[in-house]
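Chains A and B, in that order, are what the protein sequence lines are. If you're matching positions, the first sequence starts at 835 in my numbering and goes up one per residue. If you're matching positions, the second sequence starts at 11 in my numbering and goes up one per residue.
These are computed hints drawn from the structure, not numbers from a lab. Don't be surprised by glycine CBs; every beta carbon is placed ideally from N, CA and C. One thing to keep in mind: the hints can contain errors.
[Claimed, not checked] Okay, the calculated beta carbon distance ranges per label pair:
| # | chain 1 | residue 1 | chain 2 | residue 2 | range |
| --- | --- | --- | --- | --- | --- |
| 1 | B | Lys36 | A | His982 | 22 to 28 Å |
| 2 | A | Lys860 | B | Leu195 | 21 to 27 Å |
| 3 | A | Asp947 | B | His194 | 49 to 55 Å |
| 4 | A | Phe859 | B | His194 | 23 to 29 Å |
| 5 | B | Leu258 | A | Lys860 | 41 to 47 Å |
| 6 | A | Lys860 | B | Leu25 | 29 to 35 Å |
| 7 | A | Leu884 | B | His194 | 53 to 59 Å |
| 8 | A | Arg858 | B | Lys36 | 35 to 41 Å |
| 9 | B | Leu28 | A | Glu883 | 47 to 53 Å |
| 10 | B | Gly53 | A | Lys860 | 56 to 62 Å |
| 11 | B | Phe200 | A | Asn1133 | 56 to 62 Å |
| 12 | A | Asp1068 | B | Gly53 | 53 to 59 Å |
| 13 | A | Lys860 | B | His194 | 23 to 29 Å |
| 14 | A | Leu884 | B | Leu213 | 50 to 56 Å |
[Claimed, not checked] Listed below are the simulated DSS-like cross-link pairs for lysine-lysine, each with C-alpha atoms no more than 25 Å apart in a straight line:
| # | chain 1 | residue 1 | chain 2 | residue 2 |
| --- | --- | --- | --- | --- |
| 15 | A | Lys1029 | A | Lys1115 |
| 16 | B | Lys48 | A | Lys1066 |
| 17 | A | Lys1029 | A | Lys1147 |
| 18 | B | Lys119 | A | Lys990 |
| 19 | A | Lys1115 | B | Lys48 |
| 20 | B | Lys36 | A | Lys1066 |
| 21 | A | Lys860 | A | Lys1066 |
| 22 | B | Lys48 | A | Lys860 |
| 23 | B | Lys36 | A | Lys860 |
| 24 | B | Lys119 | A | Lys860 |
| 25 | B | Lys36 | B | Lys118 |
| 26 | B | Lys36 | B | Lys48 |
| 27 | B | Lys36 | A | Lys988 |
| 28 | B | Lys36 | A | Lys1115 |
| 29 | B | Lys36 | B | Lys119 |
| 30 | A | Lys1029 | B | Lys48 |
| 31 | A | Lys1147 | B | Lys48 |
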Amino acid sequence: MPSSSEAATGVAPGEIVGRGVSRRFKITLAPTRSLKEAILRRELPQTRELWALRDVDLHVEPGEAFGIVGRNGSGKSTLLKCLAGIYRADTGRIFVNGRLSTFIELGVGFNPDLAARDNVLLNATMLGLSQREAARRYDSILDFAELHEFEDLKLKNYSSGMMVRLAFSVMIQVDADILLVDEVLAVGDAAFQQKCFDEFGRIRRSGATVLLVTHDMGAVRRFCDRALLIHKGDAEAIGDPQAVGNRYLALNFGGERAEQAVQADAEVTAEDADVYRGDQKAMLMNAWFEDENGQHVDNAPTGRRCTFAARVKFTEALTDPVFGVGLSNEADRLVWAASTERDRTGEFAAGSDAVFRITFDNLLAPGRYFASPWVGRHQGGEHVHDRHRNWTSIIVHGQMQSAGGVVDLGHSVSVARGEAAAAEVAG
Amino acid sequence: MAVNVGARTGALPRLNWLTGYGELLKTLLRREIRMRYKGSALGIVWSLVYPLVMMGVYVLVFSVLWRTAGNIPHYPLFVLAGLAVWGFFQAGVQLGTSSLIANADLVKKVWFPRELIPAASVLAQLTAAAVMFAILVPACLIAVPETGRTIALAVPIFAALVCLTLGFAWLLSIVNVFFRDVEHLLAVMFLPWFFLTPVLYGLEQLPAAESHRWLIDVMRYGNPVTPYVEGFRATLLQDTVPGAGLLLYIFVVGPALALLGLWVVQRYEDRIAVEL
């Protein structure tokens, strides 16, 4: 959406610059809500100041996917609202260059009493399309949402999943230069989520800047080039999403020692990030888990078969690349890894796509497991094309047959008693 | 375009939203109109039913039964023209005042010039006014053919009334964000305000008009709606151009109030999202 303009020099299209941004709120301890109180009250109501943001600097390059993470109440949404112009910064300056899709939430302005058709057209113009443009894109919006048959249904009769699909479809169809997204990736069913991720990828490749506010570190790791951690209004860390993510987890769950350990670890990771990513001749696009019926899942019962899958895009022609995945547990210990190292996987043309699946008997103990997939060169040893650390995760649940441990190996127990046992030993 | 999001406060009200946000204003308008008439079979015709019924009642009471309106020619049209002005003003101000709160969802989540929301509420009322005109203007031309000479002047007068309504809506919508009881206060005030506005009567035709000159002047210039009612009616029904004083009032007060309201909205714009 176009904003009122004021010349800002040196800010490229799609770029966001914030310098020393602070925002304070006056919290009225006993708020007045009526005219009578305001007039009759002698002394001014007591107020307390709360700095939601303190001196935050950020710089988002054009075309970058930038994550803003933090706990609830940390100030991340305030920052987003400042960037969107909904709040004004008390100090500091913000420069935003480009059409902003100021969507703090999906489906803003949707009216439950109007049909989907009207809502789409209204919503699209609210996001900055002209009415003619909105009408022109109407079909592709409904196509993407897969809701053509429901276009005349009033929105109040939509399920929440359908509503979100519709809203998301509008948002991605308006071609904003800058997308501000607050907590919207956890929407829809698995198949639609997959589609959204693909679409985000497309938007990013088209050169749009994406600002993602979330507390889902998985999403940040998967999508973002860089991330900013906000803690109690301060910019706590900025940089590699992996490092920022670890710092975030440490802040959330760790004591001080855990924090230091993770921090040290994170610094190493950040340094090695480029080496770690490989030469990008093949790129991992996304990864997920499937159950026995091929449905996308984020949890799986222990003892059943489970499949890890990842989509790969080849930027160069490759012969017999190796696909693999490692699963590590919450203590960041590698539990199991599998790959196609011994197999010939064949030829892949430049520009082609492939999905590899690794199916395994899920003997993992209940808990959360992080998948780190990679694509390597045939007999290349450590030489990889692409890899991602702890890219997606699955929660294994159910009752273990074993008494403890990290895996639930199939086993049997027999007990021989008394003389028979002695005879056995004597043999 | 490069934007410094931090700096939007100015000494003067800005009008750039008229050009930069025309599409959005149209969108909000369409939404407003759709919602106002959704699900009713007669739709916009309803906006005509109310003034016509009221006109019937007033004619019955004041003209037929009480016979106090005998010195006012074409009394039914006289009332209807007054109701057109008052109805637009009242509905516009009332809906505009509550519009920011009604659209809190939008205000908190998307940025665009906030003045658009009350403006859309007020301007949506123009559809009802248009229907009203479609009845009123031909009726006046049939009843008083010579009024064709002055009737064109009704358009700028009504435009100034739109400005006045916008001004009130902008000012009160902001106050309403901070003190929610403004909405209710307004609902209570509109009825006495209506009777103090010469819709059912003409100020000059009142029996006490001669003896209480100053009271008449207070009623005329102290109530911002009165000059619009009188001016509108004069051009539409009485084949006269309002006096210079009245014209000056009409074309200065309305636009001035609109600019003041706009400035206030822009001044407090930042606090709206926080308060809601």
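Hints, verified against the model:
1. B:Lys36 x A:His982: 22 to 28 Å: 26 Å, holds
2. A:Lys860 x B:Leu195: 21 to 27 Å: The hinted range 21 to 27 Å holds for Lys860 of chain A and Leu195 of chain B, with Cβ atoms some 25 Å apart.
3. A:Asp947 x B:His194: 49 to 55 Å: Once the Cβ atoms are compared, 25 Å apart, the range 49 to 55 Å for His194 of chain B and Asp947 of chain A is violated.
4. A:Phe859 x B:His194: 23 to 29 Å: 28 Å, holds
5. B:Leu258 x A:Lys860: 41 to 47 Å: The hinted range 41 to 47 Å holds for Leu258 of chain B and Lys860 of chain A, with Cβ atoms some 43 Å apart.
6. A:Lys860 x B:Leu25: 29 to 35 Å: 31 Å, holds
7. A:Leu884 x B:His194: 53 to 59 Å: 31 Å, violated
8. A:Arg858 x B:Lys36: 35 to 41 Å: About 37 Å separates the Cβ atoms of Arg858 of chain A and Lys36 of chain B, which means 35 to 41 Å holds.
9. B:Leu28 x A:Glu883: 47 to 53 Å: 37 Å, violated
10. B:Gly53 x A:Lys860: 56 to 62 Å: 46 Å, violated
11. B:Phe200 x A:Asn1133: 56 to 62 Å: 59 Å, holds
12. A:Asp1068 x B:Gly53: 53 to 59 Å: About 55 Å separates the Cβ atoms of Asp1068 of chain A and Gly53 of chain B, which means 53 to 59 Å holds.
13. A:Lys860 x B:His194: 23 to 29 Å: Given about 26 Å between the Cβ atoms, the range holds.
14. A:Leu884 x B:Leu213: 50 to 56 Å: 55 Å, holds
15. A:Lys1029 x A:Lys1115: 23 Å, holds
16. B:Lys48 x A:Lys1066: 46 Å, violated
17. A:Lys1029 x A:Lys1147: 16 Å, holds
18. B:Lys119 x A:Lys990: Between Lys119 of chain B and Lys990 of chain A the Cα gap is close to 20 Å, so the pair holds against 25 Å.
19. A:Lys1115 x B:Lys48: The hint is violated at about 56 Å.
20. B:Lys36 x A:Lys1066: 41 Å, violated
21. A:Lys860 x A:Lys1066: Roughly 16 Å separates the two Cα atoms, so the pair holds.
22. B:Lys48 x A:Lys860: 41 Å, violated
23. B:Lys36 x A:Lys860: 36 Å, violated
24. B:Lys119 x A:Lys860: 20 Å, holds
25. B:Lys36 x B:Lys118: Judged against 25 Å, a Cα distance of about 20 Å means the pair holds.
26. B:Lys36 x B:Lys48: 18 Å, holds
27. B:Lys36 x A:Lys988: 22 Å, holds
28. B:Lys36 x A:Lys1115: 49 Å, violated
29. B:Lys36 x B:Lys119: 19 Å, holds
30. A:Lys1029 x B:Lys48: Distance ~35 Å between Lys1029 of chain A and Lys48 of chain B Cα, so the pair is violated.
31. A:Lys1147 x B:Lys48: Since the Cα atoms of Lys1147 of chain A and Lys48 of chain B sit roughly 49 Å apart, the hinted pair is violated (cutoff 25 Å).
In this structure, the earlier hints numbered 3, 7, 9, 10, 16, 19, 20, 22, 23, 28, 30 and 31 are contradicted, and the remaining ones agree with it.
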